[in-house]
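**Q** These are the residues of each chain, in order.
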Amino acid sequence: MIATKTIPDFSLSPHIDQVGIEERASRFTKRSIKNETKLHGLMLALNMIDLTTLEGKDTEGKVKQLCYKAQHLHDAYPGLPTVAAICVYPSMVKTAKAALGNSGIKVASVATAFPSGQAPRDIKIRDTKYAVQNGADEVDMVISRGKFLEGEYNFVFDEIAAIKEACGEARLKVILETGELVTYDKVRKASDIAMYAGADFIKTSTGKISPAATMPVTLVMLEAIRDFYYKTGKKIAMKPAGGISKSKLALHYLVMLNETLGEGWMNNEWFRFGASSLANDILMQLMKQKTGVYQSANYFSID
Amino acid sequence: MATTEKRLEVLKTYKIYIGGQFPRTESGRYYVATNSKKENLANVCLGSRKDFRDAVVAARNAFGGWSGRAAFNRGQILYRIAEMLEGRKTQFIDELIKQDATRTQAENEVNLCIDRLIYYSGWCDKFQQLFSSVNPVASSHFNFSVPEPTGVVAAIAPQGDSLLGLVSVIAPIIAGGNTCIVLASATKPLCAVTFAEVLNSSDLPGGVVNILTGKVAELVTFFADHMDVNATVFCEADTATQKMIKEKSALNVKRVVLYDKVKWATAAGQSPYFIMDLQEIKTTWHPIENIGGAKAGY
Numbered sequence: 001m002i003a004t005k006t007i008p009d010f011s012l013s014p015h016i017d018q019v020g021i022e023e024r025a026s027r028f029t030k031r032s033i034k035n036e037t038k039l040h041g042l043m044l045a046l047n048m049i050d051l052t053t054l055e056g057k058d059t060e061g062k063v064k065q066l067c068y069k070a071q072h073l074h075d076a077y078p079g080l081p082t083v084a085a086i087c088v089y090p091s092m093v094k095t096a097k098a099a100l101g102n103s104g105i106k107v108a109s110v111a112t113a114f115p116s117g118q119a120p121r122d123i124k125i126r127d128t129k130y131a132v133q134n135g136a137d138e139v140d141m142v143i144s145r146g147k148f149l150e151g152e153y154n155f156v157f158d159e160i161a162a163i164k165e166a167c168g169e170a171r172l173k174v175i176l177e178t179g180e181l182v183t184y185d186k187v188r189k190a191s192d193i194a195m196y197a198g199a200d201f202i203k204t205s206t207g208k209i210s211p212a213a214t215m216p217v218t219l220v221m222l223e224a225i226r227d228f229y230y231k232t233g234k235k236i237a238m239k240p241a242g243g244i245s246k247s248k249l250a251l252h253y254l255v256m257l258n259e260t261l262g263e264g265w266m267n268n269e270w271f272r273f274g275a276s277s278l279a280n281d282i283l284m285q286l287m288k289q290k291t292g293v294y295q296s297a298n299y300f301s302i303d
Numbered sequence: 001m002a003t004t005e006k007r008l009e010v011l012k013t014y015k016i017y018i019g020g021q022f023p024r025t026e027s028g029r030y031y032v033a034t035n036s037k038k039e040n041l042a043n044v045c046l047g048s049r050k051d052f053r054d055a056v057v058a059a060r061n062a063f064g065g066w067s068g069r070a071a072f073n074r075g076q077i078l079y080r081i082a083e084m085l086e087g088r089k090t091q092f093i094d095e096l097i098k099q100d101a102t103r104t105q106a107e108n109e110v111n112l113c114i115d116r117l118i119y120y121s122g123w124c125d126k127f128q129q130l131f132s133s134v135n136p137v138a139s140s141h142f143n144f145s146v147p148e149p150t151g152v153v154a155a156i157a158p159q160g161d162s163l164l165g166l167v168s169v170i171a172p173i174i175a176g177g178n179t180c181i182v183l184a185s186a187t188k189p190l191c192a193v194t195f196a197e198v199l200n201s202s203d204l205p206g207g208v209v210n211i212l213t214g215k216v217a218e219l220v221t222f223f224a225d226h227m228d229v230n231a232t233v234f235c236e237a238d239t240a241t242q243k244m245i246k247e248k249s250a251l252n253v254k255r256v257v258l259y260d261k262v263k264w265a266t267a268a269g270q271s272p273y274f275i276m277d278l279q280e281i282k283t284t285w286h287p288i289e290n291i292g293g294a295k296a297g298y
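Read top to bottom, the protein sequences are chains A and B.
Residue 203 in my numbering sits at position 203 of the first sequence, with consecutive numbering throughout.
Residue 214 in my numbering sits at position 214 of the second sequence, with consecutive numbering throughout.
It cannot be assumed that every hint is accurate.
[To be verified] Okay, derived cross-link-like pairs now, DSS-like style, lysine-lysine, Cα gap no bigger than 25 Å in a straight line:
| hint | chain 1 | residue 1 | chain 2 | residue 2 |
| --- | --- | --- | --- | --- |
| 1 | B | K50 | A | K288 |
| 2 | A | K288 | B | K248 |
| 3 | B | K37 | B | K98 |
| 4 | B | K243 | A | K288 |
| 5 | A | K288 | B | K98 |
| 6 | B | K248 | A | K290 |
| 7 | B | K50 | A | K248 |
| 8 | A | K30 | B | K215 |
| 9 | B | K50 | A | K290 |
The set of hints was computed from the structure by calculation and includes no laboratory data.
All of these numbers come straight from a predicted model, not from anything done at the bench.
With the sequences and hints as input, model every part of the structure.
**A** Below you can see the structure in the form of structure tokens.
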């Protein structure tokens, strides 16, 4: 629990210059990345992926298949890293945990009435505890955007703190759903609230709302993490999710991460990509680098 | 304004055609197209392998929609292309004349292109019947074979002429439901870019035809070895390059089609067999009940 005296007045969260942040974010896309660096970058990005399936039609079979894929991304390319984690609904945690065994890949579970978050707090806490008891290493919660937009910041803060407590040992990712927060100012404020309330990760989106992760919004959150680190000395991890499906874009994010937070964050303990189709695109790029031939999606596993 | 002042002509920028858009080449390079009198005709994009890669992505995305359309509708769209070409005839004739053709030759070439599009427009929903079959089998199955589009086709248009070769190669590819990336003639590229404008105003979905300009020698390897391309069409008689294409195409078992002996300006330059060159035959065994011991008869 965080001592009350360290909690700042969130109405004083810095305002974000929209034009400036978008301009700054677009600069990161103009870095020239040469072959060897690109190769390392792609490997790193692959290792940072939370391979995700969050659909109403998910079955145990689908989750098992995804877990197999997480461990055998593309066997034609020896020496590939695995992804960081598998991200599923609470009902699939047990299946995923069993399928992943001792591979070292973590199981992340969404909770708290994902994706809307429209449920009473006791249900959200039970949802979280259910996921943790089934073996989830990480919990992805959604904030109550309605309450946040109403200005009920204390409610949002308390809810995150309560879920953090329910998580126990599991690391907590707090999804802000930036697509519903509308302005960068609100994203910044929500990031500050989440970090002070005990988040281990802040995460952009559920992937169910468009726009999902964008570079400017991620930059706002990375800067919030940086400021929080300078003030408290505590590192918070970042997870952009949704809409990142191309390797090139993933490399742009890594450039942004490195130039904003530095090398200390350049690993999958402190940065993740929430994505389902990014892995295949990276694999296709890696195979292109290896064989010199442009690749086809037909030769890569779908899930 | 002094009326004696000569008006400065606005010249067209010849760009490439990818996914229904007209981008410049990603590489930023260009070359100067000239005619036999060494007059500069235009600065033309010198396409790169990345342009080709982008075009393959566009063609692959367009394939599902195009191949899934009713064959009749594909025919309507090909007819529409012919209509648009008819309407812009003079522009093509002018460009052909700039590129060394006489007026009569130019007119004949454009007319033949329009007729050829109408020809393939008609074939769109008819070649299937001609090349399908119901096969006699000895078990209680209804067994039939039908042609289906190969997929994404990478074609290098005949380098000797500006428009006729290009149209004669593209029309049977798309009539059969494939999508394509076509490299225009390097020495006579003007009509290809203008033809892309015709395609763009003909209800043809973006990405079905992608037209690049550039050097054959630089790009041909990628046409042959890209894993997401299902067939390569090559029209030159250069045996070394033909061999290279065949070898590289083996990588993902691409269909290789060589048209080095075809005379496009003659009647032999059009035929439903050109459509069939880029079709796969799918045979289906459909189980049926053998009612009362009666023979399956069709």
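**Q** Measure nothing beyond the straight line between the CA atoms of K288 of chain A and K248 of chain B; if it is 25 Å or shorter, mark the hint as holding.
**A** Cα-Cα ~15 Å, so holds.
**Q** For the pair we were handed, K243 of chain B and K288 of chain A, check the Cα-Cα distance against 25 Å.
**A** With Cα atoms ~23 Å apart, K243 of chain B and K288 of chain A stay inside 25 Å; holds.
**Q** Within 25 Å, alpha carbon to alpha carbon, are K30 of chain A and K215 of chain B?
**A** Distance ~28 Å between K30 of chain A and K215 of chain B Cα, so the pair is violated.
**Q** Under the criterion that the straight-line Cα-Cα distance not exceed 25 Å, is the pair K50 of chain B, K288 of chain A satisfied?
**A** holds (13 Å)
**Q** Is it true that the CA of K50 of chain B sits at most 25 Å from the CA of K248 of chain A?
**A** holds (14 Å)
**Q** K248 of chain B and K290 of chain A: Cα distance at most 25 Å?
**A** holds (16 Å)
**Q** Is K37 of chain B within 25 Å of K98 of chain B, Cα to Cα?
**A** It holds: about 10 Å lies between the C-alpha atoms, which stays within 25 Å.
**Q** CA of K50 of chain B to CA of K290 of chain A, is that 25 Å or under?
**A** Roughly 17 Å between the alpha carbons, so the hint for K50 of chain B and K290 of chain A holds.
**Q** Given the hinted pair K288 of chain A and K98 of chain B, is their alpha-carbon gap at most 25 Å?
**A** violated (42 Å)
In this structure, the earlier hints numbered 5 and 8 are contradicted, and the remaining ones agree with it.
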